[in-house]
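Asks: Chain residues, written in single-letter form:
There are 2 protein chains.
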Amino acid sequence: MKTVRNAVGRDIPVELEGRKLKPYKGLFRNPPPKRKAGGYFGYVKPGDKKLLASLEDAIHSCKLKNGMTVSFHHHLRNGDYVTNLVMNTIADLGFKNITVAPSALFPVHEPLVDLIDQGVIHSIEGSANGPVGDAISHGRMKGLSILRSHGGRVRAIESGELKIDIAFVAAPSADDQGNSNGMFGKSACGSLGYAVADSIHARKVVIITDNLVPYPCTPISISADYVDHVVEIPCIGDNQKIVSGTTMIATDPQKLSIAQNALDLMVHTGIFRNGMSFQAGAGGISLATTKFLGELLKEKKYVACFIDGGVTEHVVDIYKNGNCAKILNGQSFDVKSIEDLISNPDHVEITPNYYANPWNKGSLVNILDAVVLGATEADIDFNINVNTHSDGRLLHGIGGHQDTAVGAKLSMMMMPIYRKKNAIIRDRVTTVTTPYQAVDAIVTDIGVAINPERKDLLKALKGSPMKVYDIKEFRDMAYAQTGTPAEPEYKDRIVSIVQFRDGTVLDTIRQVKD
Amino acid sequence: MKTVRNAVGRDIPVELEGRKLKPYKGLFRNPPPKRKAGGYFGYVKPGDKKLLASLEDAIHSCKLKNGMTVSFHHHLRNGDYVTNLVMNTIADLGFKNITVAPSALFPVHEPLVDLIDQGVIHSIEGSANGPVGDAISHGRMKGLSILRSHGGRVRAIESGELKIDIAFVAAPSADDQGNSNGMFGKSACGSLGYAVADSIHARKVVIITDNLVPYPCTPISISADYVDHVVEIPCIGDNQKIVSGTTMIATDPQKLSIAQNALDLMVHTGIFRNGMSFQAGAGGISLATTKFLGELLKEKKYVACFIDGGVTEHVVDIYKNGNCAKILNGQSFDVKSIEDLISNPDHVEITPNYYANPWNKGSLVNILDAVVLGATEADIDFNINVNTHSDGRLLHGIGGHQDTAVGAKLSMMMMPIYRKKNAIIRDRVTTVTTPYQAVDAIVTDIGVAINPERKDLLKALKGSPMKVYDIKEFRDMAYAQTGTPAEPEYKDRIVSIVQFRDGTVLDTIRQVKD
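Going down the list, the sequences are from chains Y and A. Letter by letter, the first sequence follows residues 1 to 514 in my numbering. Letter by letter, the second sequence follows residues 515 to 1028 in my numbering.
Accuracy of the hints is not assured; some may be wrong.
[To be verified] 27 Å max Cα-Cα, derived DSS-like pairs, lysine-lysine:
hint: 1; chain 1: Y; residue 1: K34; chain 2: A; residue 2: K677
hint: 2; chain 1: Y; residue 1: K241; chain 2: Y; residue 2: K96
hint: 3; chain 1: Y; residue 1: K45; chain 2: A; residue 2: K548
hint: 4; chain 1: Y; residue 1: K49; chain 2: A; residue 2: K539
hint: 5; chain 1: Y; residue 1: K455; chain 2: A; residue 2: K563
hint: 6; chain 1: A; residue 1: K969; chain 2: Y; residue 2: K49
hint: 7; chain 1: A; residue 1: K563; chain 2: Y; residue 2: K34
hint: 8; chain 1: A; residue 1: K536; chain 2: A; residue 2: K969
hint: 9; chain 1: Y; residue 1: K49; chain 2: A; residue 2: K973
hint: 10; chain 1: A; residue 1: K559; chain 2: Y; residue 2: K25
hint: 11; chain 1: A; residue 1: K677; chain 2: Y; residue 2: K96
hint: 12; chain 1: A; residue 1: K539; chain 2: Y; residue 2: K163
hint: 13; chain 1: Y; residue 1: K45; chain 2: A; residue 2: K969
hint: 14; chain 1: Y; residue 1: K34; chain 2: A; residue 2: K559
hint: 15; chain 1: Y; residue 1: K34; chain 2: A; residue 2: K1005
hint: 16; chain 1: Y; residue 1: K455; chain 2: Y; residue 2: K420
hint: 17; chain 1: Y; residue 1: K34; chain 2: A; residue 2: K548
hint: 18; chain 1: Y; residue 1: K34; chain 2: Y; residue 2: K96
hint: 19; chain 1: A; residue 1: K548; chain 2: Y; residue 2: K65
hint: 20; chain 1: A; residue 1: K536; chain 2: Y; residue 2: K45
hint: 21; chain 1: Y; residue 1: K34; chain 2: A; residue 2: K610
hint: 22; chain 1: A; residue 1: K579; chain 2: Y; residue 2: K34
hint: 23; chain 1: Y; residue 1: K45; chain 2: A; residue 2: K973
hint: 24; chain 1: Y; residue 1: K163; chain 2: A; residue 2: K579
hint: 25; chain 1: Y; residue 1: K142; chain 2: Y; residue 2: K491
hint: 26; chain 1: Y; residue 1: K241; chain 2: Y; residue 2: K186
hint: 27; chain 1: A; residue 1: K834; chain 2: A; residue 2: K815
Everything labelled a hint here was simulated from the structure, so no lab data went into it.
Isolated chain Y, as found in the complex (with noise of 0.2 Å):
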């Protein structure tokens, strides 16, 4: 297999399963073509009816093939029913070699391995966690499996790099022309966001709703006019399992000292000022940083001009206590978030395309002041892998990692030196999910390592009473106490590409020994 080796030192093949593949070559390096994919006309008449009897109905009308491409988001993460149903509906009428691309897969998708067994999934272009991306590593999937970050999505659907031929929305609420939103309704999961970029490109639009108003349903995250066909079923899911394991706030010492060298790290940089921006997420650290910011934001009577994110009640205890002007909502994690998206004007929803596509006009990640970032594991030249295990084994997707990586003036990555007998800082990262050159702090809970090439935060940091360290140390720390780390066992097969935001190839995973 010829291949070429990419600026963060891994050989990608030329071609792979008769796709070209780009090396990826640095920041901003690979360019945009002139024009976006055009999405599809319709032509609805006066009393043409789009709320169908069933699924079936539906698939049917959008006239689905084997072989095409069927499109999921993840709102509902671990509560979500519609990806299964839509799947095994697919599957019972019949149809093989599906493309799915979810915006992300949840231990709640394990039924899909079923369908990838069957041959009924040929592929998967989307974060594939949990269980389908462990039976990926397993090579039980056909074909390829395209990992790209939320903003690496949206541009590979507004360029037509990846084609969806039917969008399913499950929609908290929806009326009989199409008009949607995640905020009311027994199922509601806020932002919708999303499903937004699938809606204008996809070939056919199908809402999913347990909850079918009058027209016209507002506010509208998903629009009518982008909307083919409108289905109602009883429950599109358990929006009490959008906490899952990763949105709770971590309570234990390690990971709070995490927390609290990540935000002394923004005060000791000039990150944390009057006005800053920061960009919260979901993981237990993220979220103890989250809530440590809106303390220290109160207590010098700053105010953030917004947070972002993955938005929790943290975040919304931050606006009500009058530190943050703005919410920006790409994501809403708990119901007091989802409460606050309804009854805030300041509290606004936002898409990954305005957030994060990398070919757009200008996206939010551009202008973040800061971002707290998890990682499986972290090399001495300050790559970042979120993917894989140690082990080998794809577990994660990559969110907006790459995306917030790039764009804020200060990306930190949190994670201690080594869990157990596995050394998270270490010498090459079994994956390279964010490239060190988008990479500015390693945040522990011993003290940081900062980017050598931010030479401007090494400057700021001299004569401060944070702890700096060389990463090597780091690294030196936790071998002493795992011993260095052992390759993974793989097979020749690769199963997974790491797309950089831009379309480029970062890393490739290949199967793991069983």
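Let chain Y serve as the given structure and place chain A on it in line with the hints.
Replies: Okay, now just chain A, sitting in the frame of chain Y:
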């Protein structure tokens, strides 16, 4: 010149100034192509600045060239300063042969006539009302004028028929990234819906604001991810002049009788009912009808499912009385409607794509129960003219006339039988703006005439107290007062094309004799 007779009996050139023209063939006889034209990517990096020091800088940065197309929206109506400012700047910079694509023009845009005479403006694709229309009628513009409805304009933009090089968006509030809305600021105009398609599809988008606010400017009506540049100027307009002659309620008895007859027609055809929908408009008669409808809804304790439009205080009053569930706002006509748009979650901004594009996946007009529309003339075939006066001069745009006439279950054309010495109802309209196939009823002060194709309406009215006339009776009454109208005297040259909303040609407008 080779012509083809279209489905309203008008002879349409097969080709005109290099454009191939499709004759109008009837409602829904010109289906869309499969795909829309794609918008334009950008490539904005962290630290890039969108805010420019001057309009000249923005024009240069957008690489304007002779022969290109620039667009404007008309939410500030007769109070708009931006169109004249930009076009004068373009003239000062020495550009020629520019096509202007406004969503509408008003008397305030009279200075454009000089630019037409100077050859700066070559053609106008968009409503050319008042003095500019008059100049076009007198053959002063070198190129063609293309008239489109609101829905037709969006269709043309989305299909690539109307290619906009630079969209200039007057924004009452904007941030330095380009997020904009019309709701706040000294020049607040409410909705910015007309500019949304321009912002999504134009090659370059320039926000012009007199109220630069901290990021993020919310609500986000125009989204930063579509904006190339932002320019701050002292004043974008005078929002006191949004309310012009066309947005004041009728007071004279004849007009009030027309409005009352429209209400009675809704009642006796069963269109007036609990849960009905209604489009309100800006004309004096339309405003009176809205007011009367509100009073009757209140009396009967009915709740309209929505009222869209052209939102005025009269619509807001209906909502506040509890007689309307939602307000869908395509244009805001007064301060009260803007205040309500800001504060009322049931009052929602909509775009003309959502509202009226015949080629999308279903527009609002398709589910509209009733609309009241004005006219300069109607003919005995039920064709309607709103573009020209009976002397042949182009003085008005199409607005949503065709769109709502096609979509609404009951489209009512409101007019007196004659005005002074001019027969309004006549054998043949000077110009066909809305084809008879879309017109349900002519409503005058003395009674109504029903399109004979609407046998259901005629049946419903049998035995009702409604005075139903044969339309020829109206013509006869008119001619008895005015004499048989003379055809306007024209020169040979065609100066304007009246498109149907689907892009086919309903009629042409010829140069008038001086």
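Asks: Against each hint, give a clear statement of whether it holds in the structure.
Replies: Comparing the hints with the structure gives:
A distance of roughly 14 Å separates the Cα atoms of K34 of chain Y and K677 of chain A; the hinted pair therefore holds under the 27 Å criterion. Distance check on the hinted pair: K241 of chain Y and K96 of chain Y sit about 30 Å apart at the alpha-carbon level, beyond 27 Å; violated. At roughly 16 Å between alpha-carbon atoms, K45 of chain Y and K548 of chain A fall within 27 Å of each other, so this suggested pair holds. Restraint check for K49 of chain Y and K539 of chain A: the C-alpha separation of about 25 Å stays at or below 27 Å, so the hint holds.
Between K455 of chain Y and K563 of chain A, the direct Cα distance comes to roughly 23 Å. Compliance with the 27 Å bound is thereby established for this hinted pair. Proposed proximity of K969 of chain A and K49 of chain Y is supported: the alpha carbons are some 23 Å apart, at most 27 Å. A C-alpha spacing of about 20 Å is found between K563 of chain A and K34 of chain Y, which places the hinted pair at or below 27 Å, so the restraint holds. Under the criterion of a C-alpha separation no larger than 27 Å, the hint pairing K536 of chain A with K969 of chain A is inconsistent with the structure, at around 30 Å.
Of the pairs offered as hints, the one joining K49 of chain Y and K973 of chain A holds, with about 26 Å between alpha carbons and a cut-off of 27 Å not exceeded. Taking the CA atoms of K559 of chain A and K25 of chain Y, the gap is about 16 Å. The hint holds against a cut of 27 Å. Proximity of K677 of chain A to K96 of chain Y is assessed by CA-CA distance (about 41 Å); at most 27 Å being required, the pair is judged violated. Distance hint between K539 of chain A and K163 of chain Y is unfulfilled; the C-alpha atoms sit about 34 Å from each other, more than 27 Å.
Straight-line distance between C-alpha atoms of K45 of chain Y and K969 of chain A comes to about 20 Å, which keeps the hinted pair within the 27 Å bound. Straight-line distance between C-alpha atoms of K34 of chain Y and K559 of chain A comes to about 16 Å, which keeps the hinted pair within the 27 Å bound. The straight-line distance between the Cα atoms of K34 of chain Y and K1005 of chain A is roughly 44 Å, outside the 27 Å bound, and the hint therefore fails. Among the hinted pairs, K455 of chain Y with K420 of chain Y is inconsistent with the structure: their alpha-carbon atoms are about 33 Å apart, more than 27 Å.
For the given pair, K34 of chain Y sits about 21 Å from K548 of chain A by alpha-carbon distance, which is consistent with the 27 Å threshold. Between K34 of chain Y and K96 of chain Y, the direct Cα distance comes to roughly 35 Å. Violation of the 27 Å bound is thereby established for this hinted pair. Between K548 of chain A and K65 of chain Y, the direct Cα distance comes to roughly 18 Å. Compliance with the 27 Å bound is thereby established for this hinted pair. A threshold of 27 Å between alpha carbons decides the hint, and for K536 of chain A with K45 of chain Y the separation of about 21 Å falls inside it, so the pair holds.
Restraint check for K34 of chain Y and K610 of chain A: the C-alpha separation of about 26 Å stays at or below 27 Å, so the hint holds. With a C-alpha separation of about 18 Å, the suggested pairing of K579 of chain A with K34 of chain Y holds against the 27 Å cut-off. Proximity of K45 of chain Y to K973 of chain A is assessed by CA-CA distance (about 24 Å); at most 27 Å being required, the pair is judged to hold. Restraint check for K163 of chain Y and K579 of chain A: not satisfied, since their Cα atoms lie roughly 34 Å apart, outside the 27 Å limit.
With a CA separation close to 15 Å, the supplied pair K142 of chain Y and K491 of chain Y stays within the 27 Å bound. Simply put, K241 of chain Y and K186 of chain Y have alpha-carbon atoms about 13 Å apart, close enough for the 27 Å limit, and the pair holds. Proposed proximity of K834 of chain A and K815 of chain A is supported: the alpha carbons are some 13 Å apart, at most 27 Å.
Checked against the numbered hints given earlier, this structure breaks hints 2, 8, 11, 12, 15, 16, 18, 24; the rest are met.
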